[in-house]
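Visitor: Read top to bottom, the protein sequences are chains F and Y.
Using numbering that gives the first Met the number 0, you'd call the opening residue of the first sequence number 0 and step up by one each time.
Using numbering that gives the first Met the number 0, you'd call the opening residue of the second sequence number 0 and step up by one each time.
Hint data in this document are derived by calculation from the structure and do not stem from the laboratory.
On a predicted model such as this, the values are computed, not experimentally measured, just so you know.
Heads up, some of the hints might be wrong.
Claimed, not checked - With a Cα cut of at most 25 Å, we get these calculated DSS-like pairs of lysine-lysine: (1) Y/Lys374 - F/Lys338; (2) Y/Lys338 - F/Lys331; (3) Y/Lys88 - F/Lys338; (4) Y/Lys331 - F/Lys338; (5) Y/Lys88 - F/Lys374; (6) Y/Lys374 - F/Lys389; (7) Y/Lys331 - F/Lys88.
Number of protein chains: 2
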Amino acid sequence: MTELFTVHTPPAAWARFIEHFQPSVRTERIATADALDRILAAPLTAPQDLPEFARATVDGYAVAAVDTYGATPGLPAFLALAGEVPMGKAAAFAIGPGEAALVHTGGMIPPGADAVVMIEDTQRVAADSIEVFRPVAEGQNVVQVGEDIRRGQPILTVGQRLRPQDLGGLMALGITEVTVAIPPVVGIISTGDEVAPPDQPVQPGQVRDINSYTLAGLAIRAGARAIRYGIVPDQRAALEAVAARAVQECDIVVFSAGSSVSYRDMTADVIDGLGRPGVLVHGVSVKPGKPTILAVCDGKAVFGLPGNPVSAMVIFDLFITPAIGLLLGAQKAPQPTVKARLARNLASDSGREDYVQVRLETRDGELWAVPVLGKSNLIYTLVNADGAIKIPLDANGLRAGEWVTVMIH
Amino acid sequence: MTELFTVHTPPAAWARFIEHFQPSVRTERIATADALDRILAAPLTAPQDLPEFARATVDGYAVAAVDTYGATPGLPAFLALAGEVPMGKAAAFAIGPGEAALVHTGGMIPPGADAVVMIEDTQRVAADSIEVFRPVAEGQNVVQVGEDIRRGQPILTVGQRLRPQDLGGLMALGITEVTVAIPPVVGIISTGDEVAPPDQPVQPGQVRDINSYTLAGLAIRAGARAIRYGIVPDQRAALEAVAARAVQECDIVVFSAGSSVSYRDMTADVIDGLGRPGVLVHGVSVKPGKPTILAVCDGKAVFGLPGNPVSAMVIFDLFITPAIGLLLGAQKAPQPTVKARLARNLASDSGREDYVQVRLETRDGELWAVPVLGKSNLIYTLVNADGAIKIPLDANGLRAGEWVTVMIH
């Protein structure tokens, strides 16, 4: 155990952790149609111009713009109708000077044309001729070859989460398969002799397992798969056996430990025995969440979280979501936040990051952040909160009425 | 067809639509463990107090607070040690005046005790007695019965999306099954003779299907299931056949129509024949997206979207996501937004809502919204955008440098 009970600031704890945790991103090829919200893992360039042919953006007549210059309702330009370009087909003919071709929105512009006159600005005067009442400029009402994207141009960014419109952008280029990150696997181990499964009657003195489910949900939201290893009694051999299996099967192992000092010590010992370098940080200057363990064991990330549900969630957001992001090679996702005014004074010790759960309330059209005052061992403190605010390391608190940034959860 | 080409404002279009679309929420019972991000569909109350017994929040000694009053390191209170309460067990004994019981964090407080002295503030002086150096107040270091939540109290809110912590809150009360909304089914029909499947080589004049995939992704993100009905040629009989099947199988049917006027008219006719009352709105004062159709056909919501990908996405966000919300009985989800400064002047006609795609850029530490100037028929306009800003109906534009709200997508 390299360090014991030296409390680290959150940034120092993270720096120490990533010194030893530099995973490579595992990738797979999947159908683009199934890639919604997956993380792109390989660079892409456009294999073709898009569009590959000049297209009309309106219904009308493809023309050489120069043939329409000076046209007015009183003095229209007369053009010969050379034919119609059917939708979904190549233009089978070119137009010459003084000629026009009927085209539809999205249809191909025939060779010789460089603009499209809107149908409303024309009149058919015979089967084979039209009048044009307004001039068009070169390129008007036309999407040029490569105007959407040019062949060879890079598209999308490695590490980005694929949005609906990104799938559309890939399909437009015929890219029907993509390389994405394989979701890392997060194993969750609940410990504590007082913890009972939620689907069975509890005995006096017992509490139901909460954290397995909350942490699994957080892992899934962060882009991982979650495996719950159930509840392990506070016996060292039992904990070691489950931990050894979890470290084999997962990329990240999370212990939701009993909260008493003896349990925490045993968890730290077990984690330290899982591989090298072992426990890196034991104690982080954050409230709630101080008795947190960060470890790397033979390349796997291992965390010991406080048993309190509020602490567990704060620490998950602080360290485990970013660790999942490393395994995904994901760009840091922008955390959804809102600005609100703080409804009451909040004290904090300098040298410690405080996370305070808040409820959002609209008062006279203004958004207020109302601290949820429940203890950090109450799950309904979290359930009743819309988000959390952070009191930074170097602050001594926040004043009522101040504008704060609420991280929505 | 009740109204034709009378352009409605977006709020008027929505009002007319929901006059005829008032679906009931279909529900199912599922395991709470599987309910992440599902919409709660039935009210819940706490079936028990949580916790059901008073619990210690620290490691220490359960005492009657009155026995510690005035205790100091120099003049400690002497208490007899009545025993230890093991984790996960009921306290098998009560403490009397002048007695204390060893308890662990999360453990049960024995009858007779009303506070816990932290272990650090005590000293074991014999096998059966301790010294207390600091007084505790009644209730100190104790979670009271029902302090987390009281039996009979309402928990969560019908229509809310279940977050990781909400699953924890349900599990804590032994609620291992919940009633949630069944995801509505959105059917997507692509039309247009020029549209080709993305996995096949395209011929000159053809473009690949983009909108089926983008719209399916948007539907999934809004909490629905998506069925793609493929690409239907612009023949009325073919379109009618697919439409009739989709309306049977889905709650919402979306036509991603060809963009030319003749295709739009045919789509409107086909939609109008699908059931009563039929087309309600044909044309919305929004840019891009004007040629939009809103219809209700025998209780199913049917939409005709412009073929342009940008228009299709704007209209999906404006009408279809809220329609999915009605079918889910979902509370309006807060749209993720950021404030940014507009990088250039934007003109707009009063009487029309404009949606402008923007890219976010940080300049000198300030966030700027840079309009992506691509045409609305370019998919990479969307791909290159981080979000959109809205120029309201009654505005004539926005000025460079102004603070705007960017809806992230």
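Visitor: Evaluate each hint against the coordinates.
Guide: A quick look at each hint next to the structure:
no., hint, verdict
1, Y/Lys374 - F/Lys338, "violated (33 Å)"
2, Y/Lys338 - F/Lys331, "holds (19 Å)"
3, Y/Lys88 - F/Lys338, "violated (45 Å)"
4, Y/Lys331 - F/Lys338, "holds (19 Å)"
5, Y/Lys88 - F/Lys374, "holds (23 Å)"
6, Y/Lys374 - F/Lys389, "violated (42 Å)"
7, Y/Lys331 - F/Lys88, "violated (44 Å)"
Checked against the numbered hints above, the structure breaks hints 1, 3, 6, 7 and satisfies the rest.
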